[in-house]
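Trainee: Let's have the full structure, built from the sequences with the hints guiding it.
Position one of the sequence shown corresponds to residue 1 (our numbering), numbered consecutively onward.
Warning: the hint list may mix true and false statements.
As the list claims (entries may be wrong) - Straight line, CA to CA, 25 Å or less: simulated BS3-like cross-link-like pairs of lysine-lysine:
| no. | residue 1 | residue 2 |
| --- | --- | --- |
| 1 | Lys433 | Lys553 |
| 2 | Lys447 | Lys415 |
| 3 | Lys94 | Lys117 |
| 4 | Lys523 | Lys433 |
Everything labelled a hint here was simulated from the structure, so no lab data went into it. As the structure is a prediction and not an experimental result, all values here were calculated from the model.
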Amino acid sequence: MSEPRSKAQHRRRRSRTALAVGVPLALTAAGTFTYGTDLGLLGSSGRQASAAAPAWASDTADGFASVNSLGQNGTYGGRGGQVVTVTTQAELEKYATATQPYVIVVAGTIAMNPVGKEIKVQSDKTIVGRGTAGHIVGGGFFLGQGVHNVIIRNLTIRDAYQGIWNDKDHDFDAIQMDGAHHVWIDHNDLRHMADGLIDVRKDSTNVTVSWNKLSDNNKTFGIGWTENVKTDITIHHNWLRETEQRNPSTDNAAHAHLYNNFLEDAPGTAIKSAYGNYSRGGTKMVLENSLFQGVKNPVIKDSGAAIVQRGNSFSGTSGRNESGGSAFDPKTYYPYSLDKAADLPSILKAGAGPRASIGTTAASTKAAAATTLTVAQDGSGQYRTVQAAVNAVPANNPSRVVIAVKPGTYRELVKVPSNKPHVTIQGTGGSRKDTTIVYNNASGTPKPGGGTYGTGGSATVAVEADDFQARNLTISNDFDEKANQSLDGHQAVALRTAADKVFLDGIIVSGDQDTLLLDTASKDRLGRVYVSNSYVIGNVDFIFGRATAVVDKSVITLKKRWNGTSAGYITAPSTAANRKGILIANSTVNGDVSAGSFYLGRPWHAGGDASLDPQTTVRNTNLSSAVKSTPWTDMSGFSWKDDRFAEYANYGAGAGQASTNRPHLSDAQAANQEVGDWLAGWTPSAS
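Mentor: Structure, rendered in structure tokens:
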């Protein structure tokens, strides 16, 4: 077997072409919309728009409305249907009650006749107000049994009130559901109705209610009216102001996730709150980072119900504030991020309710803390590729953006540039094998514009942004060495990181030569990487670079070479002097390879830089018989004995006693080479 090419040829190449930054579709759900000529607005005829559908028509729901169930994969409304604009009740009814999908733009005020009429919306509809002009007065919408995949956004629905506060005779709701599923109610202003603003009844499920203003009403938001414990509902970033009861009242909901809602009962007003969030019957409720201001009985529960509270804030409240029982972990169903409860007044006063245009509110940037972008090859997400979702993250985003990738194999190159921090790419399948990002560039692969990619440029996924996370997916480079023997340069990176505070949790990184490149933004920059509960697969130098990196509680799988032989090197650190290099701890090294065929590592002095001081420590790890009895070796004229290579408390068939050729740390030395010493004050946590 020929010796692999020198790591001096592994210099990372940075692209000088900036990625185009688009407007994230999910950020329109966080407070902004654009309407204009791209909408192809029509007059009162309500005919099909002549232009392509607007960008927001591809938005999809987050929360439980995004979960695949009952034969419906997420909630995307009338996407793909005709875009029509309506200005009369007759036009609105015509398209809302049709059997085919429509995107229906309400372009003015529609007064319902008779008062209290609720239009019976059918499946596969998006009903959205044009800017702040879309008003439904004196009536609302009804979604009956089996109706599904409906989006109601950016509307004002108001004024069905008949003069009797606790009205028992006029069941006039803004939005009522009886047995519907996969419904998204977003960025609406709902107020002053005779009965409920929102009723989610009779086993309706997979509902998300987000970024709405609910005000000036008695019975605000009721959930239940069933003996079955079935409803799954997410309620987040809503501003409830001057509402008396049902804020909401949640009866027999299987999973009710309420977070980042602002309930306000202002002093000196006529409407007084009776209670806030109510968990009734068999409801299991998770209530997080919400703000209750001046509310009486802010949180109450029945004896058989559950409420788990986290991070909520209470100001000027009185009466019952209860919690107890066990609920569920919302992140097992969908990703989400939390704003601080104290920030909600400014966020929601700026961002809740109908929006006029992109960029008119502070919420367009602040709301990024709760942003989730969805990716699905079948079109059921906001984007079909992972890179398109990355492109949609705003430059210099201040807080976490989760890119939720649905199961599938995504053959593409992905780059997260340095000006897009706080990004999480997360597979949504039941296994990390369900979602795969894969490509097959190698160092010697010709580039379309000339030259070759080089090692760093060959990466399937390249991360240059700080505070990046990846979880529950596979990142692979499937370059075929056997079929490309004539190619000069077989290094083929699956994942390259060149950033600080990178957290790789529960993933598979798979390749052959140079699988996982853990780098830094520059030689003088710190780049900490924490790999946990993961699999790293390869054969030659497949964990390498100059980052301060920990591989913890993971499996390192050794592969045979392209020609079936067993020989290789696990690590090739290129550590700067006075920094920590690669630490493998509490892990397992195994694979279907010959005994005594793999080195634990060798020193990579990138570019022949003698000032570097490469380091690998392997400790408390199960080593298979594949590991050589002399586990370290030289590289490109540099002796491993001049650098920092050691073991501590390893075990298994491949472990060995300390010797000149197999140095072990003393107990005192090992005490200074723990995981915490590598992370240097950073505590990785999922977000």
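Trainee: All the hints need checking, so say for each whether the structure fits it.
Mentor: Tested hints:
1. Lys433 <-> Lys553: holds, 18 Å
2. Lys447 <-> Lys415: Holds - the C-alpha atoms of Lys415 and Lys447 are around 16 Å apart, at most 25 Å.
3. Lys94 <-> Lys117: holds, 14 Å
4. Lys523 <-> Lys433: violated, 34 Å
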